[in-house]
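Undergrad: So the chains spell out like this:
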Amino acid sequence: MTNDSDGLRTPLGRVRFLGAARNGTGEAWLMHVTSLALIPLTLYFVWLVLDLLHMDYNGVREELGRPIPAILLLAFIIAGIVHMELGMRSVIVDYIHGGSRAWALAANTCFCALLALACVYAALRVGFT
Amino acid sequence: MTTNDAAAGKRRSRPLSPHLGIYKLTMTMAMSIAHRISGGALYVGVLLLAWFLIAASADAAAFGVFSAFIESIIGRLILFGFTWALFHHLLGGIRHFLWDAGYGMDAPLRDQLAWATLIGGFALTIVVWAIGYAVR
Chain A
1 MTNDSDGLRT PLGRVRFLGA ARNGTGEAWL MHVTSLALIP LTLYFVWLVL
51 DLLHMDYNGV REELGRPIPA ILLLAFIIAG IVHMELGMRS VIVDYIHGGS
101 RAWALAANTC FCALLALACV YAALRVGFT
Chain B
1 MTTNDAAAGK RRSRPLSPHL GIYKLTMTMA MSIAHRISGG ALYVGVLLLA
51 WFLIAASADA AAFGVFSAFI ESIIGRLILF GFTWALFHHL LGGIRHFLWD
101 AGYGMDAPLR DQLAWATLIG GFALTIVVWA IGYAVR
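Listed in order, the protein sequences are those of chains A and B.
First residue of the first sequence: 1, per my numbering; consecutive thereafter.
First residue of the second sequence: 1, per my numbering; consecutive thereafter.
Here chain A stands alone, though its shape is the one from the complex (with noise of 0.2 Å):
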């Protein structure tokens, strides 16, 4: 790798942008902490749909209003959208290059932000009215 082609550039200027530095950790271990989260919780989202799955407007209403149900929810939704965001960025990361990797990974986020709020919003709105 030592060559003189890249001038009066140093090293950092040659490595900076080219991948992770010290982030690169807290990524994999936020994908990890979220898909560990997530065995237990997918099991009950799962019971959850099986148990609505025969009520009604207002029975769902009831269910997911109670503490439980919901407070799972919840955790189920941040978890699985904070698991999916890094996710798509990993592919993202993988088969995009050059300029529009940047739009896609903040098309990435914007959307998953957007959903994570429309969904603990409603969950929410669900519990309270």
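Do not rely on the hints blindly, as some may be mistaken.
Claimed, not checked - If we take Cβ atoms under 8 Å as the criterion, some of the chain A residues that face chain B in the derived model are:
no.	residue
1	Arg61
2	Ile96
3	Leu115
Think of the hints as simulated: they come from the structure by calculation, not from any bench.
Heads up, the beta-carbon is just placed ideally off N, CA and C, and yes, glycines get one too.
Take the given structure of chain A and dock chain B to it, following the hints.
TA: Relative to chain A, chain B alone:
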């Protein structure tokens, strides 16, 4: 050569690791791709959960529209696909945890785990849907 490129202001293209095209397809590779596909499906599928929650938070009419969609043939197919993606991705994630812990990397076991992900994902989907129809 490199000196000329640098002088012309060109960026040298950085080396990339070998990609899918040059390898023979193996079971673990197929399940790696399936993990990404199921993850991508869930990424879009969460919109269905958002719709459900927003409808439930709005009024009975909005909830009726969602219920009618999810009970239609297309709605059921989408929900079935969502269920499969959820279980496939869940089992794939557990397999990755085993690998991270250093288990199941050897030749026979890693393929068996990959098959278990594939078969288990379909099996759990069918079991949950059987329960779903039984409790109605």
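Undergrad: If a hint holds in the structure, say so; if it does not, say that too.
TA: For each hint, the structure was consulted:
1. Arg61: Nearest chain B Cβ about 6 Å off; hint holds.
2. Ile96: This interface hint is violated because 13 Å lies over the 8 Å limit.
3. Leu115: 6 Å, holds
Hint check: a violation occurs at hint 2 only; the rest are consistent with the structure.
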